[in-house]
Every structure is written in structure tokens, then in C-alpha cells.
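Undergrad: These are the residues of each chain, in order.
Protein chains: 2
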Amino acid sequence: MARAIRIISFIELSLFLALSSWIFSAQKINPQTLREKVRHFREQHERAILDEYLDFLSLPNLASDRAGSQKNADFILSLLQRRGIRAKLLKTDDSPPVVYGELSGPPAAQTIVFYAHYDGQPVDAAQWASPPWKPVLRDKSLENGGQEISSTSLPEKIGSEWRIYARSASDDKAPILAMMAALDAIKESQIPLSANLKFFFEGEEEAGSLHLEETLKKHPDLLKSDIWILCDGPVHQTGRQLIYFGARGVCGLEITLYGPLRPLHSGHYGNWAPNPAVQLSHLLASMRDVNGRILIKGFYDDVLPLSETEMGALKEVPDVDQELRKELGLGWSEGKGKSLVEQIMLPALNIRGIQAGNVGEKAQNAIPTEAKASIDFRLVPNQTALRIKTLVEDHIRDQGYFIVYGTPDKETRLRHSLIAKLAWESGYPASRTSMGLPVSQALVRTIEEGLDSRLVKMPSTGGSVPMYLFKDILGAPAVILPVVNYDNNQHGANENVRVQNLWDAIEIFALLFGYSGYLW
Amino acid sequence: MARAIRIISFIELSLFLALSSWIFSAQKINPQTLREKVRHFREQHERAILDEYLDFLSLPNLASDRAGSQKNADFILSLLQRRGIRAKLLKTDDSPPVVYGELSGPPAAQTIVFYAHYDGQPVDAAQWASPPWKPVLRDKSLENGGQEISSTSLPEKIGSEWRIYARSASDDKAPILAMMAALDAIKESQIPLSANLKFFFEGEEEAGSLHLEETLKKHPDLLKSDIWILCDGPVHQTGRQLIYFGARGVCGLEITLYGPLRPLHSGHYGNWAPNPAVQLSHLLASMRDVNGRILIKGFYDDVLPLSETEMGALKEVPDVDQELRKELGLGWSEGKGKSLVEQIMLPALNIRGIQAGNVGEKAQNAIPTEAKASIDFRLVPNQTALRIKTLVEDHIRDQGYFIVYGTPDKETRLRHSLIAKLAWESGYPASRTSMGLPVSQALVRTIEEGLDSRLVKMPSTGGSVPMYLFKDILGAPAVILPVVNYDNNQHGANENVRVQNLWDAIEIFALLFGYSGYLW
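Quick note, the sequences are listed as chains A and B, same order. Residues in the first sequence are numbered from 1 upward in steps of one, following the numbering used here. Residues in the second sequence are numbered from 1 upward in steps of one, following the numbering used here.
For reference, chain A alone in the conformation it holds in the complex (with noise of 0.2 angstroms):
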């Protein structure tokens, strides 16, 4: 009897899993399908979306425009609201407000929450073909020619090469306005959600996100997420989909060396006078080889290695290395071979600036006063920067300086030889979210599924964005998904978006509301 018993309750239970699986998969969509029906909505309502973005890009975004970025905000919430999603600002003192906003899936679904920034860089507008806040299209880049078309007698279908021109067309108002036309395209074709959506859209990410970690520390429940998901950057310069599983820290240092009090007559002084150009000169060298390897002892000590699968999939990147060098006039690399991937999975010592005395027509026959370099590092994980600032003053201190961080009074010069003033900047570790978390996978695979191609899965970007704070603050880990084109123009003057990376954003987006929380 018991045996029979037992015997039947295994029937049972494999008839109820059977059963569970296909109302389940009844409910999952196919995500070809369901990007097939985004697909055809986009293609039915371009113009109307672009109308959107073209007003949402008419708004000055800079974060030091406290008015401008309230607009921004506004505008942001209307459009989550919309949409039926419950929305609101969250503000921390003066800064631009966050614009916050969720969407509850089905019961028990994980939580997602997507991230943009709606601030843009600084503009020197006189660089700008076209005024920064007055979208202008044209049939393709300007680099190749492009032409503008009037905005005021646009075609219902929109040319998937045409570029849109206005600050923070790509960077990044893009990520916003595609996750509204998905949203759109989901209800429209009637594809239920398949996680909880929040939406978190910073506004002063370019000015260094002063409050991003006061406003996720006072929000921690209203923010509690199984995944960040950061959309900002491009996409690779292939033009393929690309994940970034982390970030590189950074951290900066100004390092100023000293020579005479006053500049001196090099002929009457030169071979004497300490020149501080010289000291600099030696001192960086001690620092970094030119190919990159950064010679502070112990600098390597606490890196952690790539696992198996991070190295898989950076072999797996494409290799435009020759390409990229030819582009950039470069007739080698640094790294002794190392492919550009590879050599940004390791932490870098980059001198951004070196300054002393003047070059040029400027140029006089004088010892210079100071000496003064610029430094930002890349760190990667396990490396801290408290570590990093040790490693680097054992370092300056055994090339023989004395090290002090205001400048020094004329007692302190008659004391020490060699004097080092540092500035440290308040720098950030660097994150790395696991490939093989449950969802990992089931990002990449929603993603690859749908678009039905290999995305590109980098470990890291050699970027730095402070994911750790996800992670330290919520315990949430976090991803970096770009959807722009690589030739935007970024941070620089006409920046610009390409009419079919929105597009392509669009899809994406559809694909992890609607499909991707049935894969973990």
C-alpha cells in the first residue's frame, strides 16, 4: 500500500509539474514573438515617439541648471504617469531630483530597476553645428555628410540611419525614451509584464552623482531589487549588443614637485637649481612602463583574477583592435600584444596631464617654480582606494620625497630635498556582478534569444561607474546594458543618437519587461 501510495503520488506530482509547466509557458511569450509585435508597433508610431523625444531633448539638462533639471523632472514624471506607472521625485536637498517609478509584474516576480540619467554634459555650444538644446535630424552622422531634414514636415516613417542632434541624444535621455515606446508596445500588444519594474532616473550623473549614495541610502525598501540594471554608454563599436558584468574604480591624484621659489635663469642657475620638470619626469617613469605595467610595489597584490567564464567571454569579444588603431593613427598598443579587452581588465595608472614652466613660443630660458602631473587610476576589484593611496606614497616616499598635502611654507622647502605635494580625489572600488548568477544568465538570455545573436559579454568595462554602491548600500548586484551607437559624439560637441539604436533599444527593453523574469 504504501508503496502503491507512493507510486501514485509520484503520477500525481509529475502530472502537476507538467500541468505548471504549460500554464507557464502559455503565459511566457516567445521573445521572437513578442519582438516581432514591438517591432511592428515602433513601426506604426515613429513619428509620434520621435515627436516625444524631440521635446523631451528641447530641455536644457545640465545639473547645474536647477530649474532646468526640475523641468527635466517634470517632464519625466508625466511621462512614467502616462503610462499608469506610480511615480514621484525624490530630492535630496537642492540637487536635481531623481525621477522614481514602479510597476508591480506578476505575484512573486523578481524586481528590476532601470537606470538612466537625464542631465547631460556641459556644452561649449560655439563647437555645435546645431544649437545643443534645439534637436536637429539629419539623414546620417555629420562626419559622413549628413543633411538636416525639417522637423516640422517629418514622414510617418522615420530613416533608420538618421541621426538625432542635441545634447544628451544619446547620453542619456536615449534609455529613457526607449523604455517608454516599450512600454507602450507591451500594453498596445497586450504582453503582460513579466517582473516588477522601478525606474530610477538620476539627474546629475555628469556633475559626479553627489546624492546617489544619500538617496539610496534613504530609500532602502523602496529601492530593494534583485538587479540594477545600469543603461548608460554605448553599445560595442561592432554595433553588437553588448553587457558589462562590472566597472573599473578610479581614483585621482594631483602630484606637484617643487623647484626655486622664483623662476631662474637656466644659464645662470641650470645644473644647480633643482628643476622640478626633471624630478617629475623621473618620478613618473618610476611610476609606469610605457606599455602600461605600473611598477608601484605591490600595485598587483590584492587584483582579483578573471574566473573561467569572465576569460571565455572576453575571447569571445570581437576584435577590432587593428581597426581601432588605424582609426586613432596608432601604429602600436601598449600591453606587449594584449588585446585592448585584455588590457582593460587589469588596473591602469593613466597620466591625464604633465605641466612645468611653458613650451612653445612661450617657452623661457628658466627653471620652472613647480612641476605638476595628473594622474587618474583604474582599479579593479579587490583593489581599494585606501590601498592604492598607500601603495602609491610608499612609493613617492621611496623615491626619496617627502610628501605633504597643502603647499608647502618656505621652512618646509629648507627642510626636505625632494617635496611632493598629492591631492587625492575621493575615489570609488570597482564592482564586478558574477556571469554565472542565476540572473546573469537570465539577462543575457533574454537578451540573445530575442535578438536572436551573441551579445558581446564584457566582465567589466574599463569605464568606472559606481556600481559598488548597489551593491554596499541595497545588496542589489548590478549590470551595465548600453543601447547607443558607438559614434555618438559623447560628452563632446554633436552628440547625436542613431534612429536604429533607439529602435533596437526599444526591443530590448520590451524583451526584459516581458519576457525576462520567466527565466530565473
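The set of hints was computed from the structure by calculation and includes no laboratory data. Only true hints are included.
With beta-carbon atoms standing in for the labels, derived distance ranges:
1. A:Ser426 <-> B:Asp394: 43 to 49 angstroms
2. A:Ser417 <-> B:Trp424: 32 to 38 angstroms
3. A:Gly208 <-> B:Gln500: 55 to 61 angstroms
4. A:Asp487 <-> B:Lys389: 41 to 47 angstroms
5. B:Glu156 <-> A:Glu411: 43 to 49 angstroms
In silico DSS-like cross-links for lysine-lysine, where the CA-CA straight-line distance does not exceed 25 angstroms:
6. A:Lys326 <-> B:Lys410
7. B:Lys187 <-> B:Lys37
8. A:Lys421 <-> B:Lys326
9. B:Lys362 <-> A:Lys362
By construction, the Cβ of each residue, glycine as well, lies at the ideal position given by its N, Cα and C atoms.
Start from chain A and add chain B according to the hints.
TA: Below, chain B alone, put in the same frame as chain A:
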């Protein structure tokens, strides 16, 4: 008989020589008497001397200001002519004219050319306490709280520690004024000239003496002489009178190294795109150590060592190193314990400027596109600019660089890893007049006997003056005889001359005019 004749002849000859010597020494005034007479004259005419000088200093004197240069030249011409000197202007193209004058001494006398320049360094009037061409008298130096003295109500007796503030008050109108007053003084005191005097006052020294070579070549007979005395620069820091028997040569070089064609994000490309600031640090560090030693192979091979006499003279130079270090806020000096005067007898490599990317507030997390260093080399006798150029270029090639002289095109950049663009300035060699020459000894004795004190005798100034031209073109040796105070702010704002230095200069020139010719 023959023997007796020979004896008589010997006696006669001895008598003749004794007589000649007596006649000669009767003419030859005692140098201290000469000095006293000149001083007496000056004490009676201080106000008049100063009035003439203030008029002279009121004339703007930039070499680039043609009309101003002409006014200065005309003014000097009239100064000379008023003193009965045969004078004229030597013109080359449109350049500021040389004012030339001559005055004959006793028959068969030696000929001395006195050189000075009447043009001044460019001014940044905003940095001056009073307008550069409105001479102002102060009762001491500005640094010591000097108070202005109204020039409309000058007393007959001028304070010896007073200062005259104006562009070129020291550099280099002071010797011209002092020579004129010295001529007045010896004429009034009925002291005959001991040598033929020639005067050569240039008007574009601060602009690089662009026509000096041509002028010397055009007038070899007019400028024929036994010695050039170049009156420029300040006396020793201790206030002691100084003579330089040579000058270092000079050779300028600007090095440009190349990174990517456009600035690249240091996060995305750092460690891979070559950083030209790093390369420059290594290249410069390979060329010179922090102690002034040049590391370029063969750089010291041609160096002519100092003679015993020259080394002896150096040992007698007052040691001001410790005091200078204190003044300049230096806890040490280059040269591993060697003194300033020893160090400036050696060739030198001075980095006068370095520049790449940005430092300070403007620093961006970017890899710079270029890095530049501006260098001046100081050469000593027997080094040539051509040889130095070869050695430096060999060294740069040895560091792996491909050398170009114009901005490399993209193709060149793609073909070579490391590229250095070199821009050489036309340099010139060092020059050194032997301290053992009769004329050298005569000059030293004249001043030492006249002032009753030891001169500071330097084999060479550390600075560069194209003294080699006088030797090369005219076959004449040259020395430098500075007369103005050390703390004169030469080339900078608030240039000034100490009145006592003017008075001393008048006596020194009078000794040279009225006494030196008897000593060689």
C-alpha cells in the same frame, strides 16, 4: 773696439729705456688718483647725470617698436656727439640701428670696443608699481619698502642707496649712461685717454641680436680692435665687481611625442592607447638625472677642461650657495655637493617646460594626444651645436623613436610606434677668453688697482652671449664686464638700478678709458 761699442750701446740703450719709462710713467696717472678725480666730478654733478639718465629712460625701447628704437638711437647719438665723439648709426634692413662712435687715444695705442644695448625686455605694465617708461626714484628697493621721491624736486646730492625704477634702468642703459659721465669726468679732470675707444650700442639684444653677425661682417675695419668689453648683466651677489672671460653657448630643442589622434577616455582605452606623457617622462628621465648629469652618450666628450688658472679663479669666487638656497627656498642643490660656480662651468640640460593634457581643475580622465618638452642645452668650449644635435638625436633614436621634423601624417604615425618630432632652435657655441692674455691681465689690473680690491674673475658666465662672434668674425677676444646691482629685477617688472652702482660704474669706465691702455 767692437766690444767697447757694444758696451756703450748697451748703456745708451739702458738710458733710453729708463728715460722712456719715466716719460711714460709721467703720462700714466695713478689709478687711485684718477678714481678720486672722477668721484669728485661725479659728486659735483649727480643731479645733472641723473637728469640726463631719466630723459634716456623715458624713451620706450622695445626692439619691435621701430620708431621708439630710432628715438633711442638718436638720443644716444647726440649723447656721443655732445662729447666730441665721431658717431653714426649702423643700419641693417629695417632693424633698430647700432649706435657707433669712436675716440682716438695716444698714437699706437690699443683699441677697446665697449658694447652695450639700449633695447629692453617686453613689459607687462600691469605688474609694475609705476609705468615702465616713467622713471621713478625710490629711497630704497620696493622689496624693502622704498618710498617714491619726487623727481621734480631732486636735491643736488643723490642718496647712494636710492633706486631708479624703469625698464632698462639696469639692462642695459646703465653702462651707456655711466660711460658718458666717465667721459665728462676725465675730460673735466684733464686725464688723457690711454687707449682708442670705440662704442657699439645695439638696439635688439633682447630680441635675439638678429643682425649682430651681419653688422660685424659688414664693418670689419670700422670695428677692428684689441678687445671687446661687453657691458651687460649684474655684478656678483656679494656686490663685488666681476668680470667674465667667457659665456656658455646655447641650443634650444622642442620635443613632441604622439598619442592617439584624438583624446581618448582613459577608462575605455587606458593601458592600451599609448600615453605620450608617459613616454615623455621616460625619454626625459633617460636624458638627464636629477643631479644635473646629462646621460646622453658622449655629451661630455668634447668638453674643454678648465685650466689651472681658471680653476684657481673659481676657488676665489665668494661662496654664496647657502645663502642663495635659503633665498630660493631650496633644501638642496643639484651637483652632489658641487658649488654653483662649478656647476655652471659644465654643459647643462634644462627642461624649461613640459605640457600634455591638463592638470588641476581642467584635468580630464583622458589620454592626451601629444606631450611636449622644451629644453635648452648650455654648451661649453669645444662643444658645437651641430655635434650636440647629433648626440641628442642618436640618443632619442636609441630609445626607440623615429625622428621627424614636421608634424607626422597619419600614414607615418601608423608606420612607426614611437615618433618624436624635434624642433631645433639655431644655437651658438660657447666662448672663453684666456685669463692669461696680456689684455685680460691688463683689464684685471686696471680695475683691481683702481678699486683697490680683488675682482671676482669667472672663466665663464653660466648664461649665453654670442661672444664667439667677435672672435670668429673680427678675431678679437671679448670679456663681459657687468656693472649693475644683482637685485635689479632684470627682465621682470619693477626693473631698477641702485644709484651707487651707477657711481661705481662711472669710476670703472674712467679707469678703463684713462688707465688700462698703459698696462698692455
